[in-house]
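Order-wise, the sequence lines are chains A and B.
Residue 99 is where the first sequence starts when you use the working numbering, and the numbers rise one by one after that.
Residue 30 is where the second sequence starts when you use the working numbering, and the numbers rise one by one after that.
Among these hints, one or two may not hold up.
[To be verified] To give an idea of the interface, some chain A residues facing chain B are shown, with a C-beta separation under 10 Å as derived from the structure:
| hint | residue |
| --- | --- |
| 1 | Lys301 |
| 2 | Asp304 |
| 3 | Leu306 |
| 4 | His440 |
| 5 | Arg525 |
If you're looking for bench data, these hints aren't it; they were derived computationally from the structure.
This structure is a prediction, so every number in the text was calculated from the model and none was measured.
Note that beta-carbon positions come from the ideal geometry of N, C-alpha and C, so glycine has one too.
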Amino acid sequence: MSTILNLSLSRRQFLGLSAAAGASVFLLGVALPTGCAKIEQAEQDQDLNAFIGIDADGHVIFQNPFIEMGQGTYTSIPAIMAEELDVEMPSITVVQAPHGPDYKIMFDNTIRFTGGSLSVRSSYMTMRKAGATARAMLIQAAAEQWGVKPGDCTTEPGSVVHAATGKKLGYGQLAEKAAKLAPPKDVPLKDSASFRLIGQPVKRTDSLAKSTGAAEFGIDVKVDGMLHAAVMQSPVFGGKVASYDKDAVLKLPGVVAVEEIPNGVAVIADHFWHAKKALEKLPLTFDEGTNAGFSTQDYKVRLQAALSEPGHVAEEVGDAAKAIASAAKTIEAEYHAPFIAHVTMEPMNCTALVTKDHCTVWAPNQGVDFVVGVAAEITGLKPEAIEVVTPFLGGGFGRRFVMDYAIQAITLAKKHPGKPIKVIWTREEDIQHDHYRPMSAAKFSAGFDKAGNPVALQITSVGEGPMTRLMPGFVKNPDLDTSVFEGTVELPYAIQNKRTNVVNVPVKPVQIGFWRSVGHSQNCFFKESFIDEMAHAAGADPFEFRLKLLGEQPRFKKVLETAANLAGWKGKPWTDPQGLKRAMGVALHESFNSIVAEVAEVSLNQDGEFKVERVWCAVDCGFAVNPAIVKRQIEGGVCYGLSAAMGEQITLEKGRVVQGNFDTYPILRPDQMPVVEVEIINSGAPLGGIGEPGTPPIAPAVCNALFLLSGQRVRSLPLSQYSF
Amino acid sequence: MTTLLINGKEHQVDAEDDMPLLWAIRDLAGYTGTKFGCGIGFCGACSILLDGVLTRSCSTPVGAAKDKAITTIEGLATEKGLHPAQQAWVEQDVPQCGYCQSGQIIAAAALLKENPHPSDEEIRAKMVNLCRCGTYQQIFSAVKRAAEIQGEQS
Numbered sequence: 099m100s101t102i103l104n105l106s107l108s109r110r111q112f113l114g115l116s117a118a119a120g121a122s123v124f125l126l127g128v129a130l131p132t133g134c135a136k137i138e139q140a141e142q143d144q145d146l147n148a149f150i151g152i153d154a155d156g157h158v159i160f161q162n163p164f165i166e167m168g169q170g171t172y173t174s175i176p177a178i179m180a181e182e183l184d185v186e187m188p189s190i191t192v193v194q195a196p197h198g199p200d201y202k203i204m205f206d207n208t209i210r211f212t213g214g215s216l217s218v219r220s221s222y223m224t225m226r227k228a229g230a231t232a233r234a235m236l237i238q239a240a241a242e243q244w245g246v247k248p249g250d251c252t253t254e255p256g257s258v259v260h261a262a263t264g265k266k267l268g269y270g271q272l273a274e275k276a277a278k279l280a281p282p283k284d285v286p287l288k289d290s291a292s293f294r295l296i297g298q299p300v301k302r303t304d305s306l307a308k309s310t311g312a313a314e315f316g317i318d319v320k321v322d323g324m325l326h327a328a329v330m331q332s333p334v335f336g337g338k339v340a341s342y343d344k345d346a347v348l349k350l351p352g353v354v355a356v357e358e359i360p361n362g363v364a365v366i367a368d369h370f371w372h373a374k375k376a377l378e379k380l381p382l383t384f385d386e387g388t389n390a391g392f393s394t395q396d397y398k399v400r401l402q403a404a405l406s407e408p409g410h411v412a413e414e415v416g417d418a419a420k421a422i423a424s425a426a427k428t429i430e431a432e433y434h435a436p437f438i439a440h441v442t443m444e445p446m447n448c449t450a451l452v453t454k455d456h457c458t459v460w461a462p463n464q465g466v467d468f469v470v471g472v473a474a475e476i477t478g479l480k481p482e483a484i485e486v487v488t489p490f491l492g493g494g495f496g497r498r499f500v501m502d503y504a505i506q507a508i509t510l511a512k513k514h515p516g517k518p519i520k521v522i523w524t525r526e527e528d529i530q531h532d533h534y535r536p537m538s539a540a541k542f543s544a545g546f547d548k549a550g551n552p553v554a555l556q557i558t559s560v561g562e563g564p565m566t567r568l569m570p571g572f573v574k575n576p577d578l579d580t581s582v583f584e585g586t587v588e589l590p591y592a593i594q595n596k597r598t599n600v601v602n603v604p605v606k607p608v609q610i611g612f613w614r615s616v617g618h619s620q621n622c623f624f625k626e627s628f629i630d631e632m633a634h635a636a637g638a639d640p641f642e643f644r645l646k647l648l649g650e651q652p653r654f655k656k657v658l659e660t661a662a663n664l665a666g667w668k669g670k671p672w673t674d675p676q677g678l679k680r681a682m683g684v685a686l687h688e689s690f691n692s693i694v695a696e697v698a699e700v701s702l703n704q705d706g707e708f709k710v711e712r713v714w715c716a717v718d719c720g721f722a723v724n725p726a727i728v729k730r731q732i733e734g735g736v737c738y739g740l741s742a743a744m745g746e747q748i749t750l751e752k753g754r755v756v757q758g759n760f761d762t763y764p765i766l767r768p769d770q771m772p773v774v775e776v777e778i779i780n781s782g783a784p785l786g787g788i789g790e791p792g793t794p795p796i797a798p799a800v801c802n803a804l805f806l807l808s809g810q811r812v813r814s815l816p817l818s819q820y821s822f
Numbered sequence: 030m031t032t033l034l035i036n037g038k039e040h041q042v043d044a045e046d047d048m049p050l051l052w053a054i055r056d057l058a059g060y061t062g063t064k065f066g067c068g069i070g071f072c073g074a075c076s077i078l079l080d081g082v083l084t085r086s087c088s089t090p091v092g093a094a095k096d097k098a099i100t101t102i103e104g105l106a107t108e109k110g111l112h113p114a115q116q117a118w119v120e121q122d123v124p125q126c127g128y129c130q131s132g133q134i135i136a137a138a139a140l141l142k143e144n145p146h147p148s149d150e151e152i153r154a155k156m157v158n159l160c161r162c163g164t165y166q167q168i169f170s171a172v173k174r175a176a177e178i179q180g181e182q183s
């Protein structure tokens, strides 16, 4: 029944909030099936999605199903809702929606997470309908009160008005009455011509809190009586604790307990420093298990061997092998990418409190329901007895899909009922126990006709995909996990004969995961570098070569041309007035339904030191809901991808991660940041993602420029291995 | 007990002299705006002012902070309002995830105190804290804007 107010946890949270605010908040129980065809079913299921609450002062509380990790969801998502509800952004407080089915609004109402560059595009219509339906209910309430027709009423931000009589009531005055109304179906949405928030650079809702120290991240959570835990996990993946002598540290200052966690030991103390200090003194040995012999060197050999195996066919157009065999000219190259870590600036952490019948978890996470899942499993409590608080995330980038840190906090809290326990990982634990972007490789062969036109492209992509490991439900065919080869299929370039083979090379001992842009991050580097090799083999300008192959692809063409125009494309290296050699490199890639082209200008001095000076980006994500955030996400994506390309690499020896902190795992420094310029193309195509698509093209764009500068083709990252 | 003077207020904390100042500020005095990023003085997320001097609190022991004035992000605003760097940060929507920004703003405040009109090169040379979201370009631009705001207000 869609007439009832949502009386689940979400309702309770609203009541809690209103009590804290000293005022009543009226929840508008809005039935919002995300797919129009599902209305009937949704009603039978009482599938209410309750996002909007309004208090008596007209203040709007918006329950966001998506978490904020920097990508702007606490601004863009409420703005979409506010456009239709007709309220000003400053009147909205954004809170994280509680767990449960009400907020599983993705993939036909089956799941909720924040990732895959999906937040805006998966909820755009849902949020518009939520706002529009709530507005219609407020209008209805006003019309009934005034005894006029709803159709004669309209709204201005925060108020319903009746133009004929000049009557006006604020949303706060109408909320209680409106909340009792049946939500109407099929409320018409605004004409996009009258948008005043969607498509505008709406200011972020979190800038003030994040500029004053007031913003609360998971690591900042304060709970009365809270204890702090430092953890030491097995340095070898799959290893277990063999022995430890808790008595050696229990008498150290502040130490409360020493406990085992699934893959290690935790010291619990009155504050983190005491816990960490005692942990360092704890006599502790691990049974390293069967993975103590693993090394990235050995795995590289396995990947290389796999490059010659037939594997599974992911894509086949024409007959690439035959076309290559009869080609006038052929080229071939092998590419490699290392394991890389997410390195969120906020290390992994989680706070948990378990009692006999309740569990509260304060967890920076990219999936609230994932936290509930592990909490239910560990505590044996039902989801209704579990509450998850999601503070701001100090970066996510795909790392906080995996719940290892939450499992630790809940496990410890269960052993100490009634005591809130906060687990914080040191940076070393964070880097050495990440779920890494998988190490991978690819082999490319291309054939050209006598005129130098490409006639065939054959790709073999090898590695293991994180999708199979972490979200197997999304893998339709286990032989063809797209997270291995995405970016090497469905290329926009018109090449008659094209084949992509995939060979799965499990890397079991190593934890792998989703790293911003996932398979695209390495595959774009492989593919756009090789396309560049093809251009040079054909004696063509790399930009012109691509453009010529995009004949039937107007969106790609426009994006590529826009980036090139922005850059003032130069296909040849030059020497600037200061005597510094400079060159441009270009890359074009589609990921998450958005198309991005990036042109990088790189300089090389006489000592062989290079610098990425400027980057010009063009992006077609269909339509930019918030162009300011879109630009910043592309800029940030460039930084993230460039950081990895420059110096990021996780290696393992004897089953252990070699790198430990920023001194051995360098991330991009401010002085290495290029000037980035972004142009948005609103093509009107279906909405694409924006958090990730800026990342893939930067590595090949830079490497392609370096080729022009040095004659050296970079076929393996990071760049810190090379001298130019 | 040790007395720490944080943001103009005396705090009695039960801290050993070798405890990193960062953890005393966060866990004992309760100012969580100052962040833990690396613990080795590398990233700058823990930046504070110690007697006005830019300091990485994760690698500064409590013992070195006695009798000195500690300023954290929470103590940067005055009765006149936000610090010019904070104003510029808000005006230009610099933060993304925001985790490193307390340290960035503290670093900007230290720079602007020492050099009210820094050049682009000086900003790039002095603003060295790490950010993973890639807000560097916005940070540089906000420091310029903060210098303007500071100039207008003085």
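Comparing the hints with the structure gives:
Against a cut-off of 10 Å between C-beta atoms, the interface hint on A/Lys301 holds, since the closest Cβ of chain B lies about 6 Å away. Below 10 Å, beta-carbon pairs count as interface contacts, and A/Asp304 has one with chain B at about 7 Å; its hint therefore holds. For the restraint placing A/Leu306 at the interface with chain B, the shortest Cβ-Cβ distance is roughly 5 Å, inside the 10 Å limit, so the hint holds. Using the Cβ-Cβ criterion of 10 Å, the hint placing A/His440 at the interface with chain B is satisfied: the shortest such distance is roughly 8 Å.
Below 10 Å, beta-carbon pairs count as interface contacts, and A/Arg525 has one with chain B at about 5 Å; its hint therefore holds.
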